[in-house]
Amino acid sequence: TQLLEQSPQFLSIQEGENLTVYCNSSSVFSSLQWYRQEPGEGPVLLVTVVTGGEVKKLKRLTFQFGDARKDSSLHITAAQPGDTGLYLCAGRTSGNTGKLIFGQGTTLQVKP
Amino acid sequence: DAGITQSPRHKVTETGTPVTLRCHQTENHRYMYWYRQDPGHGLRLIHYSYGVKDTDKGEVSDGYSVSRSKTEDFLLTLESATSSQTSVYFCAIRSSSYEQYFGPGTRLTVT
Numbered sequence: 001t002q003l004l005e006q007s008p009q010f011l012s013i014q015e016g017e018n019l020t021v022y023c024n025s026s027s028v029f030s031s032l033q034w035y036r037q038e039p040g041e042g043p044v045l046l047v048t049v050v051t052g053g054e055v056k057k058l059k060r061l062t063f064q065f066g067d068a069r070k071d072s073s074l075h076i077t078a079a080q081p082g083d084t085g086l087y088l089c090a091g092r093t094s095g096n097t098g099k100l101i102f103g104q105g106t107t108l109q110v111k112p
Numbered sequence: 001d002a003g004i005t006q007s008p009r010h011k012v013t014e015t016g017t018p019v020t021l022r023c024h025q026t027e028n029h030r031y032m033y034w035y036r037q038d039p040g041h042g043l044r045l046i047h048y049s050y051g052v053k054d055t056d057k058g059e060v061s062d063g064y065s066v067s068r069s070k071t072e073d074f075l076l077t078l079e080s081a082t083s084s085q086t087s088v089y090f091c092a093i094r095s096s097s098y099e100q101y102f103g104p105g106t107r108l109t110v111t
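Protein chains in written order, with the working numbering: chain A, 1 to 112; chain B, 1 to 111.
Hints listed in this document are in silico derivations from the structure and should not be mistaken for laboratory results. Errors might be hidden in some of the hints.
Claimed, not checked - Derived SDA-like pairs (lysine to any residue); straight-line CA-CA distance at most 20 angstroms:
| hint | chain 1 | residue 1 | chain 2 | residue 2 |
| --- | --- | --- | --- | --- |
| 1 | B | K57 | A | N96 |
| 2 | B | K57 | A | K57 |
| 3 | B | K57 | A | G95 |
| 4 | B | K57 | A | T93 |
| 5 | B | K57 | A | S94 |
| 6 | A | K56 | B | Y98 |
| 7 | B | K53 | A | T97 |
| 8 | A | K57 | B | E99 |
| 9 | B | K70 | A | T97 |
| 10 | A | K70 | B | Y98 |
| 11 | B | K57 | A | Q2 |
| 12 | B | K11 | A | G40 |
| 13 | B | K57 | A | P39 |
| 14 | A | K57 | A | Q80 |
| 15 | B | K53 | A | N96 |
| 16 | A | K56 | A | Q2 |
| 17 | A | K70 | B | E99 |
| 18 | B | K11 | A | P39 |
| 19 | B | K57 | B | H41 |
| 20 | B | K11 | A | R60 |
| 21 | A | K56 | B | K70 |
| 22 | A | K56 | B | K53 |
| 23 | A | K57 | A | V44 |
As the structure is a computational prediction, the values presented were derived from the model and not from experiment.
Using the sequences provided together with the hints, build the complete structure.
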């Protein structure tokens, strides 16, 4: 069974601080997707990383896929209250089904 | 916006009653998925479909069945709801680039 361990589960920080969320697995994934979810809504795709070592930036968010495609990280610089939400990583398994294995999620609260 | 709607958005039902949740997409995607979301578990795959009448089980399929008679509709049925099936249910579609896009969810409470 493939597992994706996400940490930390909860993070409460002040506006302006930096933070990093990690997703780790012993399994290799075809790609890794990061989602952000707000209360009462479905997850919204932020980014997909595909190549080992790939780094993608989305404004103040930096996403990295590990060289071996088993782990990933999300780094937020100078967090703002608008970044508050649940962040989910999801690894795509091999094959055509496109099935995703989700981490447990990180609840981020950014206080003004 | 991936054109995904779910109905109902909220439902309260009693233990032992059947419940059907509907997912509707407007963009003709072949692959559709049903997940449940519970605190501390992220999202877990219940069933998925890879075409009309083609479905397969996910990791938490016990107690659930699905049907797909049209490309645009994917139904999830709880034949006899139990309290352990109280959850938030999400439907998703898969794009041609293997990215998944989610509907707004259905909050189901089984009393």
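Now for the hints, and whether the structure bears them out:
no. : hint          : in the structure
1   : K57/B - N96/A : 15 angstroms, holds
2   : K57/B - K57/A : 35 angstroms, violated
3   : K57/B - G95/A : 15 angstroms, holds
4   : K57/B - T93/A : 15 angstroms, holds
5   : K57/B - S94/A : 16 angstroms, holds
6   : K56/A - Y98/B : 18 angstroms, holds
7   : K53/B - T97/A : 15 angstroms, holds
8   : K57/A - E99/B : 18 angstroms, holds
9   : K70/B - T97/A : 19 angstroms, holds
10  : K70/A - Y98/B : 18 angstroms, holds
11  : K57/B - Q2/A  : 16 angstroms, holds
12  : K11/B - G40/A : 14 angstroms, holds
13  : K57/B - P39/A : 28 angstroms, violated
14  : K57/A - Q80/A : 17 angstroms, holds
15  : K53/B - N96/A : 17 angstroms, holds
16  : K56/A - Q2/A  : 25 angstroms, violated
17  : K70/A - E99/B : 18 angstroms, holds
18  : K11/B - P39/A : 17 angstroms, holds
19  : K57/B - H41/B : 18 angstroms, holds
20  : K11/B - R60/A : 38 angstroms, violated
21  : K56/A - K70/B : 37 angstroms, violated
22  : K56/A - K53/B : 38 angstroms, violated
23  : K57/A - V44/A : 16 angstroms, holds
In this structure, the earlier hints numbered 2, 13, 16, 20, 21, 22 are contradicted, and the remaining ones agree with it.
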